[in-house]
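Please put together the full structure from these sequences, using the hints given.
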Amino acid sequence: MTLANVVLVVIWLGVTAYGLFGGADFGAGFWDLFAGDAEKGARVRTFLEKTIGPVWEANHVWLIFVLVYLWTAFPEPFVAIATTMYIPMTIAAIGIILRGSAFAFRKWAATMQRQRALGATFAFSSILTPFFLGTVAGGVASGRVPLGNAAGDPFTSWLNPTSLLGGVLAVGATAFLAAVFACREAAVAGSKELGEYFRKRAIGSGLIVGGVAGVGIFVLAADAPELFDGLLSLRGIPLMVASAAGGLTALWLLYNRRYSVARLAAVVATATVLWGWGAGQYPNLLEPAVTVSDYAASDTVLIALLLAFAAAALLAVPALGMLYSLMQRGVLGETGSETGESTESLLRTMLAEEGDQRRGT
Amino acid sequence: MPDLPFGIIADANLAAARYQMAISLGFHIIFAAIGIGFPVITLIAHRRGLKHRDAAALQLAKRWSKVMAVLFAVGAVSGTILSFEMGILWPGLMGPYGDVIGLPFALEGVSFFLEAIFIAVYLYGWNRLPARLHYLTLFPIVAAGIAGSFFILSANAWMNSPAGFTIGADGSIQDVNPLAAMFNPAVGIQYTHMLLAAYMVSGFLVASVYAVGWLKGRRDRLHRLGFVIPFVLASIAAPLQVLVGDLATRRLIDAQPAKFAAMELLPETEGGAPLTLGGLLIDGEVVGALEIPNLASFLGTRSWDGVVPGLDSVPVDEQPPANVVHIAFQVMVALGSGLLVLAIWFAIAWWRRRDPPTSVWFWRLATGAGVAAIIAMETGWITTEVGRQPWIVYGLVRTTDAVTSASGIVLSATVISLLYIGLGIVTIAVLRRMAKRFASGEDAPAPYGPGSAVSR
Numbered sequence: 051m052t053l054a055n056v057v058l059v060v061i062w063l064g065v066t067a068y069g070l071f072g073g074a075d076f077g078a079g080f081w082d083l084f085a086g087d088a089e090k091g092a093r094v095r096t097f098l099e100k101t102i103g104p105v106w107e108a109n110h111v112w113l114i115f116v117l118v119y120l121w122t123a124f125p126e127p128f129v130a131i132a133t134t135m136y137i138p139m140t141i142a143a144i145g146i147i148l149r150g151s152a153f154a155f156r157k158w159a160a161t162m163q164r165q166r167a168l169g170a171t172f173a174f175s176s177i178l179t180p181f182f183l184g185t186v187a188g189g190v191a192s193g194r195v196p197l198g199n200a201a202g203d204p205f206t207s208w209l210n211p212t213s214l215l216g217g218v219l220a221v222g223a224t225a226f227l228a229a230v231f232a233c234r235e236a237a238v239a240g241s242k243e244l245g246e247y248f249r250k251r252a253i254g255s256g257l258i259v260g261g262v263a264g265v266g267i268f269v270l271a272a273d274a275p276e277l278f279d280g281l282l283s284l285r286g287i288p289l290m291v292a293s294a295a296g297g298l299t300a301l302w303l304l305y306n307r308r309y310s311v312a313r314l315a316a317v318v319a320t321a322t323v324l325w326g327w328g329a330g331q332y333p334n335l336l337e338p339a340v341t342v343s344d345y346a347a348s349d350t351v352l353i354a355l356l357l358a359f360a361a362a363a364l365l366a367v368p369a370l371g372m373l374y375s376l377m378q379r380g381v382l383g384e385t386g387s388e389t390g391e392s393t394e395s396l397l398r399t400m401l402a403e404e405g406d407q408r409r410g411t
Numbered sequence: 447m448p449d450l451p452f453g454i455i456a457d458a459n460l461a462a463a464r465y466q467m468a469i470s471l472g473f474h475i476i477f478a479a480i481g482i483g484f485p486v487i488t489l490i491a492h493r494r495g496l497k498h499r500d501a502a503a504l505q506l507a508k509r510w511s512k513v514m515a516v517l518f519a520v521g522a523v524s525g526t527i528l529s530f531e532m533g534i535l536w537p538g539l540m541g542p543y544g545d546v547i548g549l550p551f552a553l554e555g556v557s558f559f560l561e562a563i564f565i566a567v568y569l570y571g572w573n574r575l576p577a578r579l580h581y582l583t584l585f586p587i588v589a590a591g592i593a594g595s596f597f598i599l600s601a602n603a604w605m606n607s608p609a610g611f612t613i614g615a616d617g618s619i620q621d622v623n624p625l626a627a628m629f630n631p632a633v634g635i636q637y638t639h640m641l642l643a644a645y646m647v648s649g650f651l652v653a654s655v656y657a658v659g660w661l662k663g664r665r666d667r668l669h670r671l672g673f674v675i676p677f678v679l680a681s682i683a684a685p686l687q688v689l690v691g692d693l694a695t696r697r698l699i700d701a702q703p704a705k706f707a708a709m710e711l712l713p714e715t716e717g718g719a720p721l722t723l724g725g726l727l728i729d730g731e732v733v734g735a736l737e738i739p740n741l742a743s744f745l746g747t748r749s750w751d752g753v754v755p756g757l758d759s760v761p762v763d764e765q766p767p768a769n770v771v772h773i774a775f776q777v778m779v780a781l782g783s784g785l786l787v788l789a790i791w792f793a794i795a796w797w798r799r800r801d802p803p804t805s806v807w808f809w810r811l812a813t814g815a816g817v818a819a820i821i822a823m824e825t826g827w828i829t830t831e832v833g834r835q836p837w838i839v840y841g842l843v844r845t846t847d848a849v850t851s852a853s854g855i856v857l858s859a860t861v862i863s864l865l866y867i868g869l870g871i872v873t874i875a876v877l878r879r880m881a882k883r884f885a886s887g888e889d890a891p892a893p894y895g896p897g898s899a900v901s902r
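Chains as they are written, first to last, in the working numbering: chain A, 51 to 411; chain B, 447 to 902.
Hints in this document: simulated from the structure, not taken from any laboratory. Incorrect hints may have been included.
Looking from chain B toward chain A, a few residues come up when the C-beta cut is under 8 Å (computed) [stated by the list, open to error]: (1) K508; (2) R509; (3) V523; (4) I527; (5) D545; (6) L549; (7) V556; (8) F564; (9) L661.
If you're wondering where the values come from, they're calculated on a predicted model, not measured in any experiment. All residues carry an ideal CB built from backbone N, CA and C; glycine is no exception.
Below, the structure written as structure tokens:
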């Protein structure tokens, strides 16, 4: 395996992480949009907000990671994609801004009306962004991005059957993942009602996404023959089988309310689609014949990238672990920590002491 | 296509691309600076709260953690889309040189990730972590800001001072050395200048909010600390910034003479050049300026008769739009000096009476200090970016040759401008709302944190 291939695998790990973790955050916005009116949906919305609250900003890092590693390791193919796909990428970028800021602001809005406007912005752009990122993926996968400065068609590169499939699959997968994750969170929080609410939606969205993916094979056969051939190769078939098996297992587990394992199956079902795409297209980054080996940066650069990745893993994994364990604690109860007095309770003690002093004098 | 006077760019697509990049960066830089400086201020307050059992200081830290989280969110999303725009707008930079300057961006990603994680941990840790550990989570946030700004500034400094590669006979980029690119000759000074700017912006901005409170009669311990802690941080940074700024300017005489000439509005290379205050360059003549004889030479070379470069030190088609650079530079210097005066005023009062100045004029000026610091940072950034023109990579790639060939950038630039104007307005509205809630003593929920209404 060449260094370029190793870096490509690392980039694809980033794509997978963004698809799964970032995807679940987007999916939370999807369910937020369809949670009903302000009163009925309040419970669901608050719950969703809680599940993604602490992690959604950090999950941007996967996207940044993918972009930066792509442009460093494969600069020419990267600018070809970015300049040809500037319309969907700009829309996705706008979606990212709107979504993140509306989400952060929503809680502080003064009136219900403003809260609803911000909430709708958050939810709507949570669908917009994955859809347009999906169309970019579809355009690349169907070989519509030639090398060069804005050399591809600015419209048909992302307005085509494969792009549409990519967009719909992306939105569907985020919704499915978010619903499955929410089932598990609801179970941990001990809320049967929310668990059932999301179980229904997880199974429903899972069936739809599975159906779309099944039909998608035919779309690819007609619209993206190179990718289709790749998928039917020895590299592609195991991944497609794994995806179908993962999806069916997830549905069965959801049906039996075994949410913890269902999460894993859903992750497998989604991740294997992304890896199937990668495997189907390999060794071409772009069509025709813009290969990984021909367009990779020099080995020095690739080694530097891999070292940076190793450093990132060493630093970030423990930090992320800390955050997740905190979140679990938060879900289990907010009474404070068992290992020592929290700052909050310290502050309360201090304020009480001050009050005593003031009364004493 | 030759440019029109006053830096107006004749090519609409290029103008739109530059404008879109400028507004995207100009917006993000404010939040990035706050992301670097605000954690330091919060750390000082938090430390004081624990060490002196100071409830007001700890309460401030708690409020600030919530404000910080909201501002960090805007910074995170506005920063994320910059990596889109680098590729969308500047293929001629990222195509040939993406591998050269990729490493600092990758490392910045790591810093951002750690900052995002620990900000969340700190925000959520108020009632979940042991006090000691909770306090310690502030340190990685501060460290990530210091590191992350280095990486970004390293990439920007590289554009001014490209290093870490050779150009082959066929024009291809060879022997790429990412570390040499990252530690290019310009990075040290540019980074220090920006880090201090971030501390000044954060300090003066937070302090200015409490200055408004002081004028409104809120002068209890909490408000006093809320002013003093950030103001002192900014006041320490201000004089250092003047020194670093001087070094940065003098470095340009050799490194980027045309940028220096534009900043000082010097058409001709000469000894004993005057310092030009105000004024415009029209048809090669400086008009309407107040000139102080020999001062530009003295500031640049420490000799009254020293020779400093004029715009004529480079061919006409390599000269930056001098008027834009000159005005931006002078606004920055003027505001920076004003902030320094304010800092000295405070220092004298503190030295005498261990108390901030009582003059109402001090407080009135202090309310404007935050905005002044932001404008100084923005104009400083305009100085360095526009001063580098017509190059995107100094001496190697012209901005005209780097821009995307896609049409329609005028539309995306318009949409993104409107978006940022709207986002700016809403951000200010939300911050005011937060201040109101804090003032009314209503303990608002952590932003997007686990609110009390959450189901069990």
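Hints, one by one, checked against the model:
A hinted interface residue such as B/K508 counts as satisfied when its beta carbon comes closer than 8 Å to some beta carbon of chain A; here the least separation is about 7 Å, so the hint holds. Because the beta carbon of B/R509 sits about 11 Å from the nearest beta carbon in chain A, more than 8 Å, this interface hint is broken. Interface restraint check: B/V523 against chain A, minimum CB-CB distance 4 Å, threshold 8 Å, status holds. The interface hint given for B/I527 is met, as the beta carbon of that residue sits about 4 Å from the closest beta carbon of chain A, less than 8 Å.
Interface restraint check: B/D545 against chain A, minimum CB-CB distance 4 Å, threshold 8 Å, status holds. For B/L549, the interface hint holds, the least distance from its beta-carbon to any beta-carbon of chain A being 5 Å, beneath 8 Å. Restraint check, B/V556 versus chain A: the minimum CB separation of about 4 Å is within 8 Å; hint holds. Using the Cβ-Cβ criterion of 8 Å, the hint placing B/F564 at the interface with chain A is satisfied: the shortest such distance is roughly 7 Å.
Taking 8 Å as the C-beta cut-off, the interface hint given for B/L661 is violated, the closest approach to chain A being about 24 Å.
The earlier numbered hints that this structure contradicts are 2 and 9.
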